[in-house]
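Participant: Residues per chain are reported as follows:
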Amino acid sequence: DAGVIQSPRHEVTEMGQEVTLRCKPISGHDYLFWYRQTMMRGLELLIYFNNNVPIDDSGMPEDRFSAKMPNASFSTLKIQPSEPRDSAVYFCASSLEGPKNIQYFGAGTRLSVL
Amino acid sequence: AQTVTQSQPEMSVQEAETVTLSCTYDTSESDYYLFWYKQPPSRQMILVIRQEAYKQQNATENRFSVNFQKAAKSFSLKISDSQLGDAAMYFCAYRSARRAGSYQLTFGKGTKLSVIP
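These protein sequences, in sequence, are chains H and X. Mapping the first sequence onto the working numbering, position 109 (from 1) lands on 109, and the numbers just tick up by one. Mapping the second sequence onto the working numbering, position 42 (from 1) lands on 42, and the numbers just tick up by one.
Simulated from the structure, these hints should not be mistaken for lab results. Heads up, some of the hints might be wrong.
What the hints assert, rightly or not - Subject to a maximum C-alpha distance of 20 Å in a straight line, what follows is the list of computed SDA-like cross-link-like pairs (lysine to any residue):
no.	chain 1	residue 1	chain 2	residue 2
1	X	K112	X	T27
2	H	K100	X	Y54
3	H	K100	X	T27
4	H	K100	X	S96
5	H	K100	X	K73
6	X	K109	X	A87
7	X	K78	X	M11
8	H	K100	X	Q51
9	H	K100	X	A59
10	H	K100	X	S65
11	H	K100	X	Q56
12	H	K100	X	E61
Computed from a prediction, not measured in an experiment: that's the story for all the values here.
I would like the entire structure built from these sequences, with the hints used as guidance.
Facilitator: So this is what it looks like as structure tokens:
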């Protein structure tokens, strides 16, 4: 398997623009997670899905952020409108059912909002 | 809520030597999992090692081993025979085993490891 695939690898945009980050989980995995990494806050969970259904979105910072998982092989994280403080690395991870199972991470998307 | 603390922002080790990275955590649960992830400059988060809290035996993966002290809530990572490719950020992470569906990872702030040739 190719692992978790995220696109784009880098995104540079201007404040106020819409940004869409994409993730393809490992085939067969039941869970998909979106994390954000910043110097100040470290790695923090934004939202996660189980069988395409959002389970916990309490980490989503505000209404400007939204995430969808229309099918088992694709998820998006959208920021509209984007702000400079959204600049971070966004990771997608997937895993099988069960807490002992490993979360496999994508390579992340580095977002810069100017 | 669980918290994970890595008290060493940066560490360095001479190539071929041994280094230990510290991690402590706070939880009221008795059943959980602990992980060490490595993040090299490429940004990819890579699992290094995993420990189940109900197992007393410390996990080992080749040159990587842990010292799991459940009563002290301590989970340190030992890297033996350090190699240049071990240079990376290392993150300690906690995951609850109790609550169904609550499989998120709680991460520490990380330790940056440098390997000196």
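Participant: Does each hint hold? Answer for all of them.
Facilitator: Hints, one by one, checked against the model:
In summary, the hint linking K112/X to T27/X is not supported, as the alpha carbons are separated by about 25 Å, beyond the 20 Å threshold. Note on K100/H and Y54/X: the hinted pairing holds, with a Cα-Cα distance of about 12 Å set against a maximum of 20 Å. For the hint linking K100/H to T27/X, the alpha-carbon distance of about 17 Å falls within 20 Å, and the restraint holds. For the suggested pair K100/H and S96/X, the alpha carbons sit about 9 Å apart, so the restraint of at most 20 Å is met.
For the hint linking K100/H to K73/X, the alpha-carbon distance of about 18 Å falls within 20 Å, and the restraint holds. Taking the CA atoms of K109/X and A87/X, the gap is near 16 Å; set against the 20 Å cutoff, the hint holds. The suggested pairing of K78/X with M11/X holds, with an alpha-carbon distance near 12 Å, which does not exceed 20 Å. A hinted pair counts as satisfied when its Cα atoms are at most 20 Å apart, and K100/H with Q51/X qualifies at roughly 9 Å.
Our distance criterion of 20 Å between C-alpha atoms is met by K100/H and A59/X, whose separation comes to about 14 Å. A threshold of 20 Å between alpha carbons decides the hint, and for K100/H with S65/X the separation of about 18 Å falls inside it, so the pair holds. Under the criterion of a C-alpha separation no larger than 20 Å, the hint pairing K100/H with Q56/X is consistent with the structure, at around 16 Å. Straight-line distance between C-alpha atoms of K100/H and E61/X comes to about 16 Å, which keeps the hinted pair within the 20 Å bound.
Against the hints set out earlier in the document, a violation occurs for number 1 only.
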